[in-house]
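2 protein chains.
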Amino acid sequence: MPDPQIPVQTLWSAFDARRFRDALEALAPDFEALWPQTRELIRGAEGFVALNEAYPGQWRCRLQRLEPISDTRVAALVEISNAFEDGSGERLFAVGFYDVEDGKIVRAEEYFADCAEPPFDRSEWAERY
Amino acid sequence: MPDPQIPVQTLWSAFDARRFRDALEALAPDFEALWPQTRELIRGAEGFVALNEAYPGQWRCRLQRLEPISDTRVAALVEISNAFEDGSGERLFAVGFYDVEDGKIVRAEEYFADCAEPPFDRSEWAERY
Numbered sequence: 004m005p006d007p008q009i010p011v012q013t014l015w016s017a018f019d020a021r022r023f024r025d026a027l028e029a030l031a032p033d034f035e036a037l038w039p040q041t042r043e044l045i046r047g048a049e050g051f052v053a054l055n056e057a058y059p060g061q062w063r064c065r066l067q068r069l070e071p072i073s074d075t076r077v078a079a080l081v082e083i084s085n086a087f088e089d090g091s092g093e094r095l096f097a098v099g100f101y102d103v104e105d106g107k108i109v110r111a112e113e114y115f116a117d118c119a120e121p122p123f124d125r126s127e128w129a130e131r132y
Numbered sequence: 004m005p006d007p008q009i010p011v012q013t014l015w016s017a018f019d020a021r022r023f024r025d026a027l028e029a030l031a032p033d034f035e036a037l038w039p040q041t042r043e044l045i046r047g048a049e050g051f052v053a054l055n056e057a058y059p060g061q062w063r064c065r066l067q068r069l070e071p072i073s074d075t076r077v078a079a080l081v082e083i084s085n086a087f088e089d090g091s092g093e094r095l096f097a098v099g100f101y102d103v104e105d106g107k108i109v110r111a112e113e114y115f116a117d118c119a120e121p122p123f124d125r126s127e128w129a130e131r132y
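Protein chains in written order, with the working numbering: chain F, 4 to 132; chain B, 4 to 132.
Only chain F is shown next, with the shape it has when bound in the complex (with noise of 0.2 Å):
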């Protein structure tokens, strides 16, 4: 059986090259996404593609880490960001789960999660790094 963390590599590796089109071979031509933050179902992987493609900004896409859930299932953790020329930036992270069957993703279950600071005074218990 195919590795199922190869494809969610290849699927981070070229949205992090901005070669998007080079996701559509980790992809099963009938792949669905689901963005439950938005209530969003993407159906297709021509559609995902084309949308991440459309999303304004110049992201990089670093793939921290890879959670084998099963040999059909796994969680992906990436660092999100984007640089602006005035030397400020934005940074997220993307939590993703993924089904792989034949060594493609057929369903994706993507979260994200924004960089702040922390929205109230709790330094007595946590310490910053």
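Calculated from the structure, these hints are not laboratory results. Note that the Cβ used here is the ideal one computed from N, Cα and C, for glycine as well. Check each hint, because a few of them may be wrong.
Label-pair distances were calculated between CB atoms; the ranges are [stated by the list, open to error]:
1) B:R110 x F:D19: 22 to 30 Å
2) B:E93 x F:R131: 35 to 43 Å
3) B:P122 x F:E120: 17 to 25 Å
4) F:L37 x B:P32: 20 to 28 Å
5) F:C118 x B:N85: 18 to 26 Å
6) B:T75 x F:G47: 32 to 40 Å
7) F:E104 x B:R76: 42 to 50 Å
8) F:F87 x B:R21: 22 to 30 Å
Model the placement of chain B on the given structure of chain F, informed by the hints.
Chain B in isolation, oriented as in the chain F frame:
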């Protein structure tokens, strides 16, 4: 070997019921939590419980899914929501990775993903549900 999913269930069940100190039975005394979005590290079970108890708002925490990664590692998806008297509310998802030893969580790494409207018009590819 005890099921590593059990202390994760206990943790979120205690937070959901706002019986914060009940979470202590699920946490090793030298438990550590990492919140990469705010670059915060919380050392110690007592501090983690105190911080969560101090968090403003009356949050429900519904464990939606547990993903056993290994005998000592679990991923959890939790829907967190806060309803206000005026009928409005906030909703987010927590995705956490938990390391468990001898039935106690020794380390958590948690990501918090806010719900929102889509940030640009991508209805050509995504349908709302």
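Structure-based check of all given hints:
Between R110 (chain B) and D19 (chain F) the Cβ separation comes to about 28 Å, which falls inside the hinted range of 22 to 30 Å. At roughly 24 Å, the beta-carbon separation of E93 (chain B) and R131 (chain F) lies outside the given 35 to 43 Å, and the hint is violated. Judged by the Cβ atoms, the range 17 to 25 Å given for P122 (chain B) and E120 (chain F) holds: they are separated by roughly 20 Å. Separated by about 38 Å at the C-beta atoms, L37 (chain F) and P32 (chain B) break the suggested range of 20 to 28 Å.
Between C118 (chain F) and N85 (chain B) the beta carbon distance is about 21 Å. The supplied range of 18 to 26 Å therefore holds. Between T75 (chain B) and G47 (chain F), the C-beta spacing of about 38 Å keeps the proposed range 32 to 40 Å intact. Distance hint check for E104 (chain F) and R76 (chain B): the Cβ-Cβ separation is about 24 Å, which falls outside the suggested range of 42 to 50 Å. In this structure the supplied range 22 to 30 Å is violated for F87 (chain F) paired with R21 (chain B), their Cβ-Cβ distance being about 41 Å.
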